[in-house]
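Taken in order, these protein sequences are the chains called A and B.
For what it's worth, the working numbering labels the leading residue of the first sequence as 1, then goes sequentially.
For what it's worth, the working numbering labels the leading residue of the second sequence as 1001, then goes sequentially.
For the record, the hints were derived by calculation from the structure and aren't laboratory data.
Some hints could be false.
[Said to hold, decoys possible] Here are some chain A residues the structure puts well away from chain B; computed CB gaps all over 12 Å:
1. 212
2. 243
3. 250
[What the hints assert, rightly or not] Listed next, the in silico DSS-like pairs over lysine-lysine satisfying Cα-Cα at most 30 Å (straight line):
4. 1454/B to 1509/B
5. 1605/B to 1509/B
6. 312/A to 1206/B
7. 6/A to 1454/B
8. 186/A to 256/A
9. 1300/B to 312/A
10. 1461/B to 298/A
11. 1528/B to 318/A
12. 1437/B to 312/A
13. 1202/B to 320/A
14. 1238/B to 312/A
15. 139/A to 221/A
16. 318/A to 1437/B
17. 1528/B to 1638/B
18. 298/A to 1454/B
19. 1061/B to 320/A
20. 1442/B to 320/A
21. 1442/B to 318/A
22. 1156/B to 1102/B
23. 1453/B to 298/A
24. 1464/B to 298/A
25. 320/A to 1209/B
26. 1557/B to 1602/B
27. 1442/B to 298/A
28. 1061/B to 318/A
29. 320/A to 1300/B
30. 1209/B to 312/A
31. 1213/B to 1231/B
[As the list claims (entries may be wrong)] Rough simulated footprint, nothing fancy, chain B against chain A, three-plus residues with beta-carbon under 8 Å:
32. 56–62
33. 79–87
34. 277–289
35. 299–311
Glycine residues also receive a C-beta, built at the ideal position from the N, C-alpha and C atoms.
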Amino acid sequence: MSHTYKSDVHIDWCPGCGDFGILSAIQMALSEMNIEPHRVAIFSGIGCSGKTPHFINAYGIHTIHGRALPYAIGAKLANPNLVVLVIGGDGDMLGIGAGHFVAAGRRNVDLTCIICDNGVYGLTKGQASPTLRRGVKTKALPKPNINDAVNPIMLAIVSGYTFVARGYAFDVRHLKGLLKQAIQHKGTALVDVLQPCPSYNDIMTKEWYGGEDRIDPVTGKPIPRIYKLEDSGFDPMVHKPDEGEIVQKMCSAIAKSLEWGDRIPIGVFYCNPYVLTYEERLTSRIPNYLQYPPALQKIADEDGHPIANLEKLMERFKIK
Amino acid sequence: MYKSNSLVWRIGGAQGSGVDLAASVFARACAIGGLNVFGTREYYSNIKGMHSYFTVVASSKQVRAHSNNVHLLSSFDSETVVRHALSVVPSGGIIFDPSVVKEDISKIPTMEREYVKRVLETLKSEGLGESVEDVLELAKKRDIVQISLPYLDLLKEVSKLVAEPQLSLLMRMVNIMAVSAAFSLLRYDFEFLSQSINETFKEREKIAKMNVKAAEYVYDYVRQTYGNILKFNLSPIKSSEERILISGTTSVALGKIAGGVRFQSYYPITPAADESVYLEDIEVFELKSEVEVESSIMSKTGSIVVFQTEDEIAAITSATGAALAGTRASTATSGPGFSLMVEGLSWAGMNEVPVVVTLYQRGGPSTGLPTRHEQADLLFAMHGGHGEFPRIVLASGDIEEAFYDAVMAQNYAERYQLPVIHILDKALANSIMTCRKFDPMKVIIERGQIVNKKDLNEEYKRFKFTESGISPRARLGDEGTIFWNTGDEHDEYGHISEDPLNRVTMMEKRMKKLDTVAKEIPDHEKLKIFGEESASNVVVSWGSPKGAILDSLELLKEEGIDVCYIQVKIMKPFPTKAMEKNLSNAKKVIDVENNYSGQLGKIIKSELGIGPTHYVLKYNGRPISIEEAFHGIMSAVKEDKKRIVLTGGV
Chain A
1 MSHTYKSDVH IDWCPGCGDF GILSAIQMAL SEMNIEPHRV AIFSGIGCSG
51 KTPHFINAYG IHTIHGRALP YAIGAKLANP NLVVLVIGGD GDMLGIGAGH
101 FVAAGRRNVD LTCIICDNGV YGLTKGQASP TLRRGVKTKA LPKPNINDAV
151 NPIMLAIVSG YTFVARGYAF DVRHLKGLLK QAIQHKGTAL VDVLQPCPSY
201 NDIMTKEWYG GEDRIDPVTG KPIPRIYKLE DSGFDPMVHK PDEGEIVQKM
251 CSAIAKSLEW GDRIPIGVFY CNPYVLTYEE RLTSRIPNYL QYPPALQKIA
301 DEDGHPIANL EKLMERFKIK
Chain B
1001 MYKSNSLVWR IGGAQGSGVD LAASVFARAC AIGGLNVFGT REYYSNIKGM
1051 HSYFTVVASS KQVRAHSNNV HLLSSFDSET VVRHALSVVP SGGIIFDPSV
1101 VKEDISKIPT MEREYVKRVL ETLKSEGLGE SVEDVLELAK KRDIVQISLP
1151 YLDLLKEVSK LVAEPQLSLL MRMVNIMAVS AAFSLLRYDF EFLSQSINET
1201 FKEREKIAKM NVKAAEYVYD YVRQTYGNIL KFNLSPIKSS EERILISGTT
1251 SVALGKIAGG VRFQSYYPIT PAADESVYLE DIEVFELKSE VEVESSIMSK
1301 TGSIVVFQTE DEIAAITSAT GAALAGTRAS TATSGPGFSL MVEGLSWAGM
1351 NEVPVVVTLY QRGGPSTGLP TRHEQADLLF AMHGGHGEFP RIVLASGDIE
1401 EAFYDAVMAQ NYAERYQLPV IHILDKALAN SIMTCRKFDP MKVIIERGQI
1451 VNKKDLNEEY KRFKFTESGI SPRARLGDEG TIFWNTGDEH DEYGHISEDP
1501 LNRVTMMEKR MKKLDTVAKE IPDHEKLKIF GEESASNVVV SWGSPKGAIL
1551 DSLELLKEEG IDVCYIQVKI MKPFPTKAME KNLSNAKKVI DVENNYSGQL
1601 GKIIKSELGI GPTHYVLKYN GRPISIEEAF HGIMSAVKED KKRIVLTGGV
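Build the full structure now, drawing on both the sequences and the hints.
Okay, structure coming up:
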């Protein structure tokens, strides 16, 4: 039986927004994975992408700008049985929330982080975001951008993310596949999604990604800028927990992430299944953490008194 | 000066040299002898080398605050002599190392220039020179007894005794030697000290033995050399109560475990971090009885996840996330960290999430006096955050109360589904006190309204409109209870709504929880009244000045001054009615606080229309001592001084 992940809330994104593709991919992935909606919690920040949880029939926690990750991590650590997704814009995750984005990599909590990466701050009407390249002048900018861009793939890899992928909002089937892999992956997964903003990014448009400005003289068809890593024989997998193998896979992923312009790769860049999750690390300190996590603990007896043995804890402070 | 078996002892030294440890050995030895103990720590924002000191008050009577009238000072460096010799009362004693007396005061590098200047001016005005010796000379003029203790020579003897030729390994024992010398002068039974050392070094038997030997040697040496040089002594008493000796941060931490907190987030900050570090230390703890985890799987232990975050924004937001999953969750911080938390606080208010922030105030603004005491964040705790949302601010006044308040903070948060700020301060955090053993039977955990799935005959509405403003809560992951949260104004399901009528209803739903709080929480949880309620002089205060005020009430009574003291505990919603009742007959209302502007006074004024008539304030980074509370209140009552600024402490 598959579950419906559609909510009945009106979707108020601009026509042609990449967010529609991302929303559909999330709903399809969860539905195909047959996860019960009440086990899923989706956290978002602020911006157009922040509204996503309202359109999905699962717990939807629309938080403050840049902080969706720590909210999500707190919930996941309190109850590791939850399937946790985090969605935010590139400004959300890599601008105001960049500190949390990096810190999340150090922990490898089992969750999936999705970046709606369109190069602009859409909901405040088109200012330059952290992924907009230097020299680019999108339509709402009075002057060309003089900041260099953050490379989300590279940042995720050096921060310690153990699954790093990039999707394209208008290749929903492919994106859905990436999301399923990301959700299945044990650890922190990043799916950076290239996404046109039809209202404010007049440079990286759907047509631009599709290569409609470059027509193949032989076929008469556009030569798309986007290509799939898996079609090029790229192997993102760390196959054994070996330092040399890990370094090599990280380096080739980073090299791939630098490709831009005429050829833009999507697909899985890096996947290392051998890193312990934060939850597993906690079990080294709290042996039954996974069976008896914070949210499921009983804290009071039938009379409402504490269930913890306070006498024992006070022992070292007692005056004898 | 010295009465009813009540001693003020102080030890000072360079940070990192073991002053704290020595003081806790001293305090414990007093407690083992049945005495009541209060100890407080002063230290710089520094790891090694700067001056720190610890004051212990030990008494047959209950003691709740420190005193700056020192009876006996233990020192081993020059700086402690310079800084504290003149805090010793006439016929009190100073233990010092004769090898430091020739030192030039202006060459002590760790004293602030302005401080050195003040000391030299004092000496000059007395016709004295500029060395440590001159300070001792001045002390002598004031009838202070001098006990010279040649530590290095003694250490050499001890080295033979314990068969450890390397003196450098023994240097840390100098502290214990100073403690032992003090007890010898006080003619306090060595057995108590020996027991205290053994308990302190419980898991390090060899070190314990060495320290006991060294202590014993010094104890006898001082006995033989100085005999009954002090006119006073310290006697043990019989104590039948079961007591503990505990610090403020530890008390709150135990309150959290008792109250069911199972997720604590924090970012390192003074003086709050101690609480989280201790919680991590005891992260797995025994339960009273086994519980069933899953069918037929039992657990004898409970646990708390202590999560160190990348900043305080992540601290409050992760705690909020954990609370959404149904855990009792909290975070602990100080002023600068709380500043970062306020956007998250506003979100928790908007989404009615029960989350507790334990706020240990320290000297501000900005980095301020990061290791010193102040109570200047009350108005910030009450108002920090954008927009209007309900919250409860609960202030603890002493270490024992802090345990029970930590539980109540959780109960309030879940009962009313709002953020609770449990406000404390540095003085409370870093002090130790003997208290009655905490009684878990006095603790009742109340989790508030949780949605019952059987009653769910319609779609679950997280923010359902109700009479009390409280809508039954669900946890993430509970089948049938899918809900949405958003920082935007929302409808009953939690979806964004900018509808003007919904806005009004939803705003009123949230805000009326404050009326529910005001109605449901009894007066005795909101404020405590001490002394004669009919007294014409009423002292109002909140937080840690409680100890000094209570200990001064008796002294005031001896002077024929009757005072009623009101300790305000719930600052928001403010107990306006109860205050009105208690202030209506007062001639003088004296506000005692550790801040510049009299923040509680401002609140009283805005809530009642009338405010305090007198202010006793202190903002030099040091807590109010017993004498200061006494003199401050006296000046207000007798001399009618309107604003008294206290400046005591080193």
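We went through each hint and held it up to the structure:
1. 212: Given that every Cβ of chain B is farther than 12 Å from that of residue 212/A, nearest at about 36 Å, it holds.
2. 243: holds (26 Å)
3. 250: Since the minimum Cβ distance to chain B is about 22 Å, residue 250/A lies beyond 12 Å and the statement holds.
4. 1454/B to 1509/B: Holds, at roughly 25 Å.
5. 1605/B to 1509/B: Holds - the C-alpha atoms of residue 1509/B and residue 1605/B are around 28 Å apart, at most 30 Å.
6. 312/A to 1206/B: With a Cα-Cα distance of about 26 Å, the restraint between residue 312/A and residue 1206/B holds, given a limit of 30 Å.
7. 6/A to 1454/B: holds (25 Å)
8. 186/A to 256/A: holds (23 Å)
9. 1300/B to 312/A: holds (13 Å)
10. 1461/B to 298/A: The given pair, whose Cα atoms are some 25 Å apart, holds under the 30 Å limit.
11. 1528/B to 318/A: Cα-Cα ~27 Å, so holds.
12. 1437/B to 312/A: Distance of about 12 Å is within 30 Å: holds.
13. 1202/B to 320/A: holds (14 Å)
14. 1238/B to 312/A: OK: residue 1238/B and residue 312/A at ~25 Å, within 30 Å.
15. 139/A to 221/A: holds (27 Å)
16. 318/A to 1437/B: holds (8 Å)
17. 1528/B to 1638/B: holds (25 Å)
18. 298/A to 1454/B: holds (21 Å)
19. 1061/B to 320/A: holds (19 Å)
20. 1442/B to 320/A: Cα-Cα ~23 Å, so holds.
21. 1442/B to 318/A: The given pair, whose Cα atoms are some 19 Å apart, holds under the 30 Å limit.
22. 1156/B to 1102/B: holds (22 Å)
23. 1453/B to 298/A: holds (19 Å)
24. 1464/B to 298/A: holds (27 Å)
25. 320/A to 1209/B: holds (19 Å)
26. 1557/B to 1602/B: holds (28 Å)
27. 1442/B to 298/A: Within the cut-off at roughly 19 Å; holds.
28. 1061/B to 318/A: Holds, because 19 Å separates the two Cα atoms, which is no more than 30 Å.
29. 320/A to 1300/B: Holds, because 27 Å separates the two Cα atoms, which is no more than 30 Å.
30. 1209/B to 312/A: holds (26 Å)
31. 1213/B to 1231/B: holds (27 Å)
32. 56–62: With 6 residues closer than 8 Å to chain B, the stretch 56–62 of chain A meets the three-residue bar; holds.
33. 79–87: Check passed, 3 qualifying residues.
34. 277–289: Result for this restraint: holds, n = 6.
35. 299–311: Since three or more residues must qualify, the claim that chain B covers the stretch 299–311 of chain A holds, with 12 doing so at under 8 Å.
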